[in-house]
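Asks: In the order they appear, the protein sequences are chains A, B and C.
Last residue of the first sequence: number 294 in this note's numbering, and the count goes up by one each step with no gaps.
Last residue of the second sequence: number 693 in this note's numbering, and the count goes up by one each step with no gaps.
Last residue of the third sequence: number 1021 in this note's numbering, and the count goes up by one each step with no gaps.
The set of hints was computed from the structure by calculation and includes no laboratory data.
Beta carbons: idealized from backbone N, C-alpha and C, even for Gly.
Over the 12 Å line for every Cβ pair with chain B, so calculated as not near, a few chain A residues:
hint : residue
1    : Met61
2    : Val116
3    : Ala158
4    : Glu187
Covered by chain C, per the in silico footprint, the following chain B stretches (three or more residues, Cβ under 8 Å):
hint : stretch
5    : 378–389
6    : 395–408
7    : 467–473
Residue-level listing of the chains:
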Amino acid sequence: MEIFGVSMPAMLSQLLLGLVNGSFYAILSLGLAVIFGLLNVINFAHGALFMLGALLTWMGMSYLGVNYWVMLVAAPLVVGLFGVVIERLLLRWIYKLDHLYGLLLTLGLTLLIEGVFRSIYGVSGLGYDTPELLEGATNLGFMILPNYRAWVVVASLAVCVATWYVIEKTKLGAYLRAGTENPRLVEAFGVNVPVMITLTYAFGAALAAFAGVLAAPVYQVTPLMGQNLIIVVFAVVVIGGMGSIMGSILTGLGLGVVEGFTKVFYPEASSTVVFVIMAIVLLIRPAGLFGKEK
Amino acid sequence: MKHAKFTALALLLGSAGLLAGAAHAQDKVKIGYISDLSSLYADLEGKGGATAIQMAIDDFGGKVLGKPIELLSADHQNKADIAASKAREWIDTQNLTMIFSGTNSGVALALAKVAEEKKRVMINNGAGSSALTNEACTPYTVHYAYDTVALSKGAAGAIVDGGGKSWFFLTADYAFGHAMEADASAVVKAKGGTVASAVRHPLNASDFSSFLLQAQNSKAQVLALANAGGDTINTIKAAKEFGIDKTMKIAPLLVFYSDIHSLGLKNTAGMQFVTSWYWDMDTASRKFADAYMKKTQRRPTEIQAADYSATMNYLKAVQAAGTTDADKVMETWRGMKMDDFFAKGQIRADGSYIHDMYLVQVKEPKESKGTWDYYKIVKKLSGDDVFTAKAESKCALWK
Amino acid sequence: MNSKKFAPIGYGLLLLGLIAAPLLGAYPVFVMKLLCFALFASAFNLLLGYTGLLSFGHAAFLGGAAYVTGHAVKVWGATPELGLLAGLLTGALLGLVMGWFTIRRQGIYATMITLALAQMLFFAALQAKFTGGEDGLQGVPRGKLFGLIDLSSDMAMYYVCLAVVALAFLVIVRTIHSPFGQVLKGIKENEPRATSLGYDTNRFKLLAFVISAAIAGLAGSLKTLVLGFATLSDVHWSASGHVVLMTLVGGLGTLSGPLVGSAVVVLLENKIGELGTLLAQWTTIDWFNTLGESVTIVTGLIFVVCVLAFRRGIMGELIAWIERRRAG
Chain A
1 MEIFGVSMPA MLSQLLLGLV NGSFYAILSL GLAVIFGLLN VINFAHGALF MLGALLTWMG
61 MSYLGVNYWV MLVAAPLVVG LFGVVIERLL LRWIYKLDHL YGLLLTLGLT LLIEGVFRSI
121 YGVSGLGYDT PELLEGATNL GFMILPNYRA WVVVASLAVC VATWYVIEKT KLGAYLRAGT
181 ENPRLVEAFG VNVPVMITLT YAFGAALAAF AGVLAAPVYQ VTPLMGQNLI IVVFAVVVIG
241 GMGSIMGSIL TGLGLGVVEG FTKVFYPEAS STVVFVIMAI VLLIRPAGLF GKEK
Chain B
295 MKHAKFTALA LLLGSAGLLA GAAHAQDKVK IGYISDLSSL YADLEGKGGA TAIQMAIDDF
355 GGKVLGKPIE LLSADHQNKA DIAASKAREW IDTQNLTMIF SGTNSGVALA LAKVAEEKKR
415 VMINNGAGSS ALTNEACTPY TVHYAYDTVA LSKGAAGAIV DGGGKSWFFL TADYAFGHAM
475 EADASAVVKA KGGTVASAVR HPLNASDFSS FLLQAQNSKA QVLALANAGG DTINTIKAAK
535 EFGIDKTMKI APLLVFYSDI HSLGLKNTAG MQFVTSWYWD MDTASRKFAD AYMKKTQRRP
595 TEIQAADYSA TMNYLKAVQA AGTTDADKVM ETWRGMKMDD FFAKGQIRAD GSYIHDMYLV
655 QVKEPKESKG TWDYYKIVKK LSGDDVFTAK AESKCALWK
Chain C
694 MNSKKFAPIG YGLLLLGLIA APLLGAYPVF VMKLLCFALF ASAFNLLLGY TGLLSFGHAA
754 FLGGAAYVTG HAVKVWGATP ELGLLAGLLT GALLGLVMGW FTIRRQGIYA TMITLALAQM
814 LFFAALQAKF TGGEDGLQGV PRGKLFGLID LSSDMAMYYV CLAVVALAFL VIVRTIHSPF
874 GQVLKGIKEN EPRATSLGYD TNRFKLLAFV ISAAIAGLAG SLKTLVLGFA TLSDVHWSAS
934 GHVVLMTLVG GLGTLSGPLV GSAVVVLLEN KIGELGTLLA QWTTIDWFNT LGESVTIVTG
994 LIFVVCVLAF RRGIMGELIA WIERRRAG
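The whole structure should be built from the sequences, with the hints applied where relevant.
Replies: Below, the structure written as structure tokens:
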């Protein structure tokens, strides 16, 4: 069966692959949206934190013989801790300033982190094998899908939904949301707002690292792996609505699928289609598809 | 006072400029080595290339025409602008004698232009593009180890003969990939095969899955990889993951020892391709490989061996010519008959070093005697048969 | 105290220094590269420091003009001054288009639009045949200025480059000190107030965009002639990030800031390797030899330090310090 001259299997397989990519976009833009929504900081360092998650996974395997499943929990914890340090040491000085400075500070942080690891490991990829449990592939008929990629989609969706639930539906999430709107009032109720903010940033960092662990067997683990991804993730957050959790998740997944679709017809444009969409959205609905104007 | 600050600025700029230009021409023979030292091609040549060149300098005696020989090296990071600027700076401020342009054809082409403008000999051992000795040929370029034409006529020819008639190309989107795809397609079509389609991927891509799916959907028999180094390794890994190797014959067109070492025999057994040299070929080669292994704990790739050989022969040519002047050295060198562990042959008017190539096949794991024992030689290919023939040549200097 | 009187003296001394530099042994190509980036940063600062618009897509102007000039000179055989003109016009045109889209939104959203549009230009540059994609546009000849002066000599090219940069910088200075420039400052400080005073702020912002983009394009064209190539690095978003860094380090909203900032950044990137080797020789600590590989780290560190402590940049802090000294 053919659509627009392309066979069904070709279309389906690219869309499915696109969904896998979309899962990464979803988790990363989720972390970014959480940090922007609750801290008002544009965290350019998100790509570097993602890379740290992947790199730590590789290091865990190569230096300590620690397996993937342990790193799936350990890497986000370590990076989350690192996030605490960043927030306490650097970020808290710039909350009162223009958004620009948060962007620049985290950009500088990115260069620092990437530069350090680049000088140690170079730029070419460090190989990471698929964990044994998830090896092998399933024949879906229209394509053979490696089991690991199916896992990526499942794990990402689970984490995204859990995060959304916590922030939108629980008391803790309510405190977080209130804390950014009116910190003084919330503090008056006895909630420690600065601690909440630190933990929020740490959580965002941990989310990025989680995506990194998932990415290690799929993409090449290199110190620069976050670079190209971060720009796309920014665009996703802008399209979804800076501050809307659900918006980021849906847009991330949707963009992955759109990219997959583009790859069928005009592969070279797949990396630019997100920017075209972003420009259009910014002109028609600047607050984003799901966002509220701040 | 504000103006004092500006004076300081002017002085700062001035002295910085002096720092930049301070190096005056010392009386040394300086060899400049510019290659990919940290990215996807770093294992093919990289720092090992500099080691090999230094080994040759030391074995030659460290001096030529009474002047000490110095090796300068730089990482071009696969960017032509970085390479060209570096080469120019070395030539303008350090009196560089000759250039070794390394991996990455786009960079090599840029350096060939600089070498032509500034009249310096340029030897290339890492870039494949046949354009270096065709459209872009200059009187100073020596394309020493291999090029995409030789690889195509050798490997593509053998695969078509073996039954692979319909081809799909996965091409790195820059000079090398384009040249490899063009030259290989020509050979395939000349032998009666067909090229179903091609897809281009960015250099140093991180994920090949969607390109591979396109390849699979084309239903071609052969998946030809017009890429190299890290890209080839990742493509092969992904192809195995998605089960592409069960329906298509995977034919990487440019493969190096370091790639097989990274992938392992179980992923590459049976693959056939063309190489200019291989460390276990004969006694002389093994001797060089052992000396190299002592310094680096790795076996040399054909490029690193070629770097050693080319340096030796260049220095011999300088000795014979009695000068480092590029025109005279090239004239002398083209007349020299070379014979060492790397190869035996002569440099042609278009800059190609014509020597034998070898069609090799990767051993099965059970055939291999251990680490570093990967190839078996299938056929020896005569240089005259596989390099660009005079009738096909687009080089203005070779008429 | 009129520090205004000393500024021209300062610039005059700088100019003299630059005129003398190659005669004193500086490598002309390197200083020319510095000049091009100084102009690029100054053009960028016109938009950010004086109009308050952060563009994260200025590389589009630098690179777009670079490619056009390269093509004009290499393929169409244009003489260098026509090539430069083509680059200037390309920058202006791109600025018009990008500006038109950008001014429709404020703050971070406007910045995102500039990024998106610049990325689209990057894609176009990657795909277009004439740019040479990853290989770049190589072998651009310098040609003869006005058909008379051969620019292939580094010295000749240097003085022409210096003249062009000085003139363009003068244009920026006049723009800022003109009534037009005052309105821009007003818009930066409080746009609603400017609107209520009757100014069509959108038109002013658009014009600022066009001027900034045109001069940035000129810088790119000049760079192409000097170095002989135009590559994807010129349109990549990291080039946009670079110019933000240069302006931030030097001092937003000061005239001399971008000059100092670009000098610091370019010197850092190119000379840190040599500095490392020098330090290694003096202290015999081998680790310094690897300093050349840590350009990114040092750049990142500077970014962080500047945002936290030196928000006004080198010149900004300096000028503020002088004012404080005078007042107290």
